[in-house]
Structures are given as structure tokens and as C-alpha cells.
Amino acid sequence: MSDLLIGIAISLLKTLGLLFAVILPMVSYTVYAERRVSALIQDRVGPNRVGPYGLVQPIADAVKLLLKEDFTPAHVNKFYYWLAPACAMAPSIMALAVVPYGSTWFGQPMVVANVDVGVLWVFAVSSLGVYGIVLAGWSSNSKYPFLGGIRSSSQMISYELSLGLSVIPIFLICGTLNLPAIVKYQIENGWFISPIWLKGISLTGINFPELIGSLSIWKLLLWIPLFLSFIVFLVSMFAETNRLPFDLPESETELVGGYHTEYSSMKFALFFLGEYAAMIAGSAVIVTLFFGAWHIPLLPTAPEQLSFWPGVLLGLAHIVAFFVKVAVLLFFFIWVRWTLPRFRYDQLMRLGWYFFFEIALVNILLVAIILAIMPK
Amino acid sequence: MAYTIPRPKLSLAEKAYVPALLTGLGITIRHFFAILSGKKKVTMQYPDEKWDTHLPPHYRGAPTLVKDDYGRERCVACQLCEFICPPRAITIKPGEIPEKDRWRKVEKYPEEFDIDMIRCIYCGLCEEVCPEQAIFLRKDYAVTGLTRAEMVHDKKRLYELGGVMTGLVNKWNEKK
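Going down the list, the protein sequences come from chains A and B. Residue numbers -12 to 363, in the working numbering, belong to the letters of the first sequence in order. Residue numbers 7 to 182, in the working numbering, belong to the letters of the second sequence in order.
Check the hints yourself; a few may be wrong.
[Stated by the list, open to error] Result set (SDA-like, lysine to any residue): computed pairs, CA atoms no more than 25 Å apart in a straight line:
| no. | chain 1 | residue 1 | chain 2 | residue 2 |
| --- | --- | --- | --- | --- |
| 1 | B | Lys145 | B | Lys15 |
| 2 | B | Lys46 | A | Pro39 |
| 3 | B | Lys46 | A | Phe214 |
| 4 | B | Lys114 | B | Lys45 |
| 5 | A | Lys130 | A | Pro232 |
| 6 | B | Lys21 | A | Leu327 |
| 7 | B | Lys45 | A | Ala20 |
| 8 | B | Lys145 | B | Lys45 |
| 9 | B | Lys46 | A | Asp30 |
| 10 | B | Lys45 | A | Arg22 |
| 11 | B | Lys21 | A | Tyr341 |
| 12 | B | Lys45 | A | Tyr19 |
| 13 | B | Lys15 | A | Arg36 |
| 14 | B | Lys47 | A | Ile218 |
| 15 | A | Lys1 | A | Ala314 |
| 16 | B | Lys56 | A | Pro39 |
| 17 | B | Lys21 | A | Ile218 |
| 18 | B | Lys47 | A | Leu42 |
| 19 | B | Lys47 | A | Phe214 |
| 20 | B | Lys47 | A | Ala20 |
| 21 | B | Lys21 | B | Ile35 |
| 22 | B | Lys21 | A | Phe214 |
| 23 | B | Lys21 | A | Arg337 |
| 24 | B | Lys56 | A | Asn176 |
| 25 | B | Lys46 | A | Leu327 |
| 26 | B | Lys15 | A | Tyr341 |
| 27 | B | Lys21 | A | Val349 |
| 28 | B | Lys56 | A | Ala26 |
| 29 | B | Lys21 | A | Asp333 |
| 30 | B | Lys46 | A | Lys130 |
| 31 | B | Lys46 | A | Met336 |
[What the hints assert, rightly or not] Some, not all, of what chain A presents toward chain B, calculated at C-beta under 7 Å:
| no. | residue |
| --- | --- |
| 32 | Leu27 |
| 33 | Ile28 |
| 34 | Ile144 |
| 35 | Glu147 |
| 36 | Trp325 |
| 37 | Thr326 |
No wet-lab data here; the hints were simulated from the structure. Cβ coordinates follow ideal geometry from the N, Cα and C atoms, glycine included.
For reference, chain A alone in the conformation it holds in the complex (with noise of 0.2 Å):
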């Protein structure tokens, strides 16, 4: 009894320190930090008035939110139009309950559901998020967010299918769905986005046997399709989270909004922070998936066989490698939509369904008939 009940208090605390400590301040200086390099790269400064380098911005933003008037247009169908908010929001924040998103910390490994189907919950929750939009779209009565919802329905189906396609390569090698498990393979067999992996390189010295055993041509033959996979995943991803070069349900220039037009105050806050929730949530999977997780070359990977303190700092030096992996992936989340013009639908339609399904689909052959031939 008192052990479930401190296995249902230590998971409410990893929780709870996931969301409120790192995931929400996340998304609210993601925004800062979208702000600030778009303005850098369009020449410009940014906000830089509100505390030193403009750093509070956050605050003064959600305060300025916050305070607004939350009115509701008259000709809303209200239940579904205060539903969407929420229904943008939650999706991207259940999806990390799966991710590792660090080893283990004081004893306890640093994943809030540890369950053999994490990819696929990955994938059926943050495919969710799309009724928010379509909710907010369609209860606003309103044209240009129905329309935004309706392109976000359709835009969503073409990109949910080469997204799952696209990391199936990952579950063929490694021959599990769960995350930890992914990541495990990765730190003993390399990061699946790195085409060589040296083993037998340690901080304590060099063990030339096995750096010679672990150059094989199969590990480089693998990472050609898993490269493609890659891309493959990366770019649905832009899609998923409605990010440009495909963000056509919000299209500011064509659709003034799209489908939070007629929101205001918190409400509009919730879907601007559920997107930015959203790309964090991807940039976390794609880490997972591809970038060895919360894994450091050279250093150890299992704190809890060191003693106390040295196994503290390195389970939170875990934690922190995971999110500068994820803030760097941000930083090109935010670099590519600062460059790119928005695809036109048919381009995009066409890019998801002509390119990336194919694409994806004679990569898991490509990796299926390379793991049968491949040496055991």
C-alpha cells in the first residue's frame, strides 16, 4: 500500500517538476527566444526593454495575456469554442510523458511512464492536437478559421501517415517500441543520425581493439536510409506542429490567423503556447529517436553505479543534455521558419503524399532487406 502510494508521489513529482520546471518556462522563452532570432536575422534588435536583455519579456507577455478582456464573439458555438484551447494544449504536454528525458536521478529513472508503447502514444496523442484546431476552426462560424481548420484536418492526415512510416526503420533495427529502450540501443550501437560510431574511447584512455571492431560498413549502410528517415520525420514534423513552411491553418497573410481569428486573451495564449508546447514535445521525440536522447559521448550512462554526489550531477547533467539537444533542434525549428516562404497547398499536398510516403515506404524496405542481410 505505502509503496504505491510513493510510487504515485514520486511519479505526481516527476511530473510536476517536468511541467512547471522545465516544459513551461520552455515554451514561454521558446517564444523569447523565436522573437529574438527572427529579429537578428531580419536585421532588427527584438525586445530587449523588459529586465536585462529584454529576459522578462515572458512575464510581461503572459501578464499583458492574462489581463486582457476574454470575450467571446456572439455567434460561437461556445461549449466546443472554449473546448479547443484546452484541446490544443494538452496533447504536446501528454506526448512527453513517454520521453526519457534523462537517465536516472537520485535512483529513479527520469521517465514519467515508462510503457512499451511509447512511440505509438507519442503519435496517437500529438495527433490529437489537430482537434483543437479543427474545434476552434469550426466553432469560431467563421470563414477564414474554417478554413484554417479544414486545412489543418487535411494537412494533418497527409503528414500523420509518412510521419509513423518514417521511424518504423528505428523499430525494425531496434525490435522495441519503448523509448528507454531506443535510447539504450543508441548509446551501446550509436546515435542513429551518426553514420560512424567509435566505441573504446573513454576519458580514461583509448582501447584500439575495440575502436577497430566497432568501424563496420553495415553501421554506414544502415545510416543511409535512416538519414532519409531522418528528413523524412523532420520535415512531417514541421507539419505536425503547423510550423512554416507549413503553417497553412494559421497563414497569417491569407487567412488573418486562421483558426484562432476570432480568439482573444488566454484563449489565443493557449494555442500559441499549445504550438510552441507542440515543437518542443517533436524536438524531444526527434532527440529521442535520433540524437541518442539524454546520452553524453565519453561519459558515463549510469549514475546510479557511482557514488551519491558524482551520480547527482551526472544524472542532471543527463537531464541537461537532453534539453540543450532539444533547444538546439528549437533553434532550427525557429531558423527554417524565418527563411522559408509558405508552401501553396497543392505544393504542399503533393510534397506529403507524391514524396514522403514513397520515400518512406522503400526506406523500411531498403533497412528491412539490409537487416536480413546483414550479419547477426
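Got chain A; can you put chain B on it based on the hints?
Same frame as chain A, now just chain B:
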């Protein structure tokens, strides 16, 4: 008349979209680092850095009245500026210079000289028309006030802003 627009023939690299994409990413990241490292600077941090020292000599800021080397107010209240002022921002009330004054032969001086800075369009016609070199557009551009009344520059304020200007033609000297 119908005519065919020639479509450009795209090479394979152009069709693949990827090289263009990478070029674009390269351009934006170069801008990012150029601004980040401070190598390139575009924006002036206005309230912290100001235009004052960068203004060109011909800059047209707020119109002001000036005194000359002898401390004489140069305006003779001829009212030419008042009449030429396109938005009618200037109001002058002329007065007579008393008998015993050193500058008696000038005859008139402005008793009141108001420039309504809400109306002023900084065209510089007043400076151009002034036969006495008494009114000059100086480099003050941040003219603010909390009320309409505050935005009307009276004679005192105009001389404060204008100060003394040397090297002007002194046609009212005693010797002349």
C-alpha cells in the same frame, strides 16, 4: 491577344528544392551571426543612443529665435514669418522699442512671439523668409508636452532653445 508566357526551364537541382533551401538557410544564418556579433549594426537604440551628434548641419528641427553677439534680440517683428507660415503656427504681437534704448532705430521688437509646435510642419520657410536672420530651425526634434498649452513655445522658450548665434550680419550697428 493571347500570348504564351515562357516558363523557365528548371534544372534538376532547382527542381529538387534542396539546394535553394540550403542557400536560404545560409543567408539567414549569416545575417543572424552578423547582427549577433555586432559586426553589422542597423538599429539605433533610440532612447539610449540619440540622433543628436549624427544630425546633418542642414537638419530642420524646432524653429527658434536667436540673439546676436551684442545680446540683442534680432527679431524686428516684421511678421513676414507669421504671414508665410503655411500652417499658421506663428503668432507675433509687435511692440515699440522705447526712445532711450540703444537699438531705438530698429523701431520694433516682438512683445510676444508664439510658435504652436502642434501646428508647425518644420518646413523652414520662416527661416528662409526672415530678413533679419532672427529665426533658425535648430536640431531639437523631440518636442513633447502634456497639454496643448505646453506645446506652444513662447518667446522665452524660443530664446532658450535658440541661444546666441555669432557671425551674423549686423546691419543695425550704431556705425552703420
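Structure-based check of all given hints:
1. As the CA atoms of Lys145(B) and Lys15(B) are separated by approximately 56 Å, the hinted pair breaks the 25 Å bound.
2. The hinted pair formed by Lys46(B) and Pro39(A) meets the criterion: a straight-line CA distance of about 22 Å does not exceed 25 Å.
3. Note on Lys46(B) and Phe214(A): the hinted pairing is violated, with a Cα-Cα distance of about 36 Å set against a maximum of 25 Å.
4. Restraint check: the Cα-Cα separation between Lys114(B) and Lys45(B) comes to about 58 Å, which exceeds 25 Å; the hinted pair is violated.
5. Between Lys130(A) and Pro232(A), the direct Cα distance comes to roughly 23 Å. Compliance with the 25 Å bound is thereby established for this hinted pair.
6. A threshold of 25 Å between alpha carbons decides the hint, and for Lys21(B) with Leu327(A) the separation of about 16 Å falls inside it, so the pair holds.
7. A distance of roughly 21 Å separates the Cα atoms of Lys45(B) and Ala20(A); the hinted pair therefore holds under the 25 Å criterion.
8. Distance restraint check for Lys145(B) and Lys45(B): the Cα-Cα separation of roughly 30 Å exceeds the 25 Å cut-off, and the hinted pair is therefore not satisfied.
9. Annotation: proposed proximity of Lys46(B) to Asp30(A) holds, straight-line Cα distance about 8 Å (limit 25 Å).
10. At roughly 20 Å between alpha-carbon atoms, Lys45(B) and Arg22(A) fall within 25 Å of each other, so this suggested pair holds.
11. A distance of roughly 14 Å separates the Cα atoms of Lys21(B) and Tyr341(A); the hinted pair therefore holds under the 25 Å criterion.
12. Distance hint between Lys45(B) and Tyr19(A) is fulfilled; the C-alpha atoms sit about 23 Å from each other, no more than 25 Å.
13. For the suggested pair Lys15(B) and Arg36(A), the alpha carbons sit about 49 Å apart, so the restraint of at most 25 Å is broken.
14. At roughly 35 Å between alpha-carbon atoms, Lys47(B) and Ile218(A) are farther apart than 25 Å, so this suggested pair is violated.
15. Restraint check for Lys1(A) and Ala314(A): satisfied, since their Cα atoms lie roughly 20 Å apart, inside the 25 Å limit.
16. For the proposed pair Lys56(B) and Pro39(A), the alpha carbon gap of about 20 Å is at most 25 Å, so the pair holds.
17. The suggested pairing of Lys21(B) with Ile218(A) holds, with an alpha-carbon distance near 18 Å, which does not exceed 25 Å.
18. Distance hint between Lys47(B) and Leu42(A) is fulfilled; the C-alpha atoms sit about 21 Å from each other, no more than 25 Å.
19. Straight-line distance between C-alpha atoms of Lys47(B) and Phe214(A) comes to about 39 Å, which puts the hinted pair past the 25 Å bound.
20. For the proposed pair Lys47(B) and Ala20(A), the alpha carbon gap of about 20 Å is at most 25 Å, so the pair holds.
21. Between Lys21(B) and Ile35(B) the alpha-carbon distance is near 23 Å, which keeps this suggested pair within the 25 Å criterion.
22. As the CA atoms of Lys21(B) and Phe214(A) are separated by approximately 21 Å, the hinted pair is consistent with the 25 Å bound.
23. Taking the CA atoms of Lys21(B) and Arg337(A), the gap is near 14 Å; set against the 25 Å cutoff, the hint holds.
24. Between Lys56(B) and Asn176(A) the alpha-carbon distance is near 59 Å, which puts this suggested pair outside the 25 Å criterion.
25. This hinted pair checks out: Lys46(B) and Leu327(A) have alpha carbons roughly 23 Å apart, not beyond 25 Å.
26. Taking the CA atoms of Lys15(B) and Tyr341(A), the gap is near 22 Å; set against the 25 Å cutoff, the hint holds.
27. Distance hint between Lys21(B) and Val349(A) is fulfilled; the C-alpha atoms sit about 21 Å from each other, no more than 25 Å.
28. Between Lys56(B) and Ala26(A) the CA atoms are separated by roughly 21 Å; this keeps the pair inside 25 Å, and the hint holds.
29. The suggested pairing of Lys21(B) with Asp333(A) holds, with an alpha-carbon distance near 16 Å, which does not exceed 25 Å.
30. A C-alpha spacing of about 44 Å is found between Lys46(B) and Lys130(A), which places the hinted pair above 25 Å, so the restraint is violated.
31. With a C-alpha separation of about 40 Å, the suggested pairing of Lys46(B) with Met336(A) is violated against the 25 Å cut-off.
32. The criterion of a C-beta within 7 Å of any C-beta in chain B is met by Leu27(A), whose closest approach is roughly 5 Å, and the hint holds.
33. With a least beta-carbon distance of about 5 Å to chain B, the hint placing Ile28(A) at the interface is held under the 7 Å criterion.
34. For the restraint placing Ile144(A) at the interface with chain B, the shortest Cβ-Cβ distance is roughly 23 Å, beyond the 7 Å limit, so the hint is violated.
35. For Glu147(A), the interface hint is violated, since its Cβ never comes within 7 Å of a Cβ in chain B; the closest pair sits about 22 Å apart.
36. Given hint, Trp325(A) at the interface with chain B, holds; its Cβ is 6 Å from that chain's nearest Cβ, closer than 7 Å.
37. For the restraint placing Thr326(A) at the interface with chain B, the shortest Cβ-Cβ distance is roughly 4 Å, inside the 7 Å limit, so the hint holds.
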